[in-house]
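Trainee: Sequence:
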Amino acid sequence: MSSMRRNFGRKFVGDKLYSNRDIETIMSAKMTEEVDLTKIVTSSIYSTNGEEFIVVKGTPECRLTLNSQTTEHVIIKALTKVTIAPDKGAIDEDWDEVDIDRGACVEFYFIKGNWYIGSSDGMKSA
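Throughout the sequence shown, residue numbering follows this note's numbering, covering 8 to 133 in sequence.
Keep in mind that the hints were calculated from the coordinates and are not lab data.
One should not assume that every hint holds.
Here are the simulated DSS-like pairs of lysine-lysine, each with C-alpha atoms no more than 30 Å apart in a straight line [said to hold, decoys possible]: (1) LYS46 x LYS119; (2) LYS64 x LYS88; (3) LYS46 x LYS95; (4) LYS95 x LYS64; (5) LYS119 x LYS84; (6) LYS46 x LYS84; (7) LYS46 x LYS88; (8) LYS119 x LYS88; (9) LYS84 x LYS95; (10) LYS84 x LYS64; (11) LYS95 x LYS119; (12) LYS46 x LYS64.
Label-pair distances were calculated between CB atoms; the ranges are [stated by the list, open to error]: (13) SER127 x ILE47: 18 to 24 Å; (14) LYS64 x SER127: 15 to 21 Å; (15) GLY125 x THR90: 18 to 24 Å; (16) THR45 x ASP106: 30 to 36 Å; (17) THR49 x GLU104: 16 to 22 Å; (18) GLY120 x GLY65: 28 to 34 Å; (19) SER51 x GLY110: 17 to 23 Å; (20) GLY65 x ALA97: 17 to 23 Å; (21) THR66 x LYS119: 16 to 22 Å; (22) GLU68 x TRP102: 25 to 31 Å; (23) GLY65 x ASP101: 26 to 32 Å; (24) LYS119 x PRO67: 34 to 40 Å; (25) GLN76 x GLY125: 26 to 32 Å; (26) GLN76 x SER50: 18 to 24 Å.
Where is the CB? At the ideal position from N, CA and C, for every residue including glycine.
Work the whole structure out from these sequences, hints included.
Mentor: And the structure:
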């Protein structure tokens, strides 16, 4: 048995390991710089840019836009109040936006023109 480690569906770019989906996201966005797959957002307005995991903190409220041009899957962890809105389509085909409170964590997928909640740990009370 070989001791070689295999990374199926993953590729090194520089010293970072990306999945095939990440590379497709980078190429489709025509980015020339590395994309951070994790992001800590501390501003009151933010639009996704291909990240896989976002933590929102350090601001009383944040309006986060799900950008379907650069992102097809993202997990958002809220450490403050966050309003999440799609750039196009709807969330679960019904909602123009979703509000989550401190402690909540929600996973979104962009599929055929709409954003869908893949999983959520529900609303949290402080």
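Trainee: Within 30 to 36 Å or not, the Cβ separation of THR45 and ASP106?
Mentor: About 23 Å separates the Cβ atoms of THR45 and ASP106, which means 30 to 36 Å is violated.
Trainee: Between LYS46 and LYS84, does the CA-CA distance stay at or below 30 Å?
Mentor: Distance of about 10 Å is within 30 Å: holds.
Trainee: Do the alpha carbons of LYS84 and LYS64 lie within 30 Å of each other, as the hint requires?
Mentor: Answer holds: LYS84 to LYS64 is near 9 Å, not above 30 Å.
Trainee: Take the C-beta atom of SER127 and the C-beta atom of ILE47, compute their distance, and say whether it sits inside 18 to 24 Å.
Mentor: holds (20 Å)
Trainee: 26 to 32 Å was suggested as the range; check whether the CB atoms of GLY65 and ASP101 agree with it.
Mentor: holds (31 Å)
Trainee: Note whether the CB distance of LYS64 and SER127 lies within 15 to 21 Å or breaks it.
Mentor: holds (18 Å)
Trainee: Given the proposed pairing of LYS64 with LYS88, does the C-alpha separation stay at or below 30 Å?
Mentor: holds (9 Å)
Trainee: Does the Cβ pair GLN76, GLY125 satisfy 26 to 32 Å?
Mentor: violated (20 Å)
Trainee: Would you check the hint for LYS95 and LYS119, treating anything up to 30 Å between C-alpha atoms as holding?
Mentor: holds (11 Å)
Trainee: Is the straight-line distance between the alpha-carbon of LYS84 and that of LYS95 30 Å or less?
Mentor: holds (22 Å)
Trainee: Check the hint pairing LYS46 with LYS95 against an upper bound of 30 Å on the C-alpha distance.
Mentor: Holds, because 22 Å separates the two Cα atoms, which is no more than 30 Å.
Trainee: Indicate whether the distance between the beta carbons of GLY125 and THR90 respects the range 18 to 24 Å.
Mentor: Holds: the Cβ-Cβ distance is about 19 Å, inside 18 to 24 Å.
Hint violations for this structure: numbers 16, 20, 21, 22 and 25, all remaining hints satisfied.
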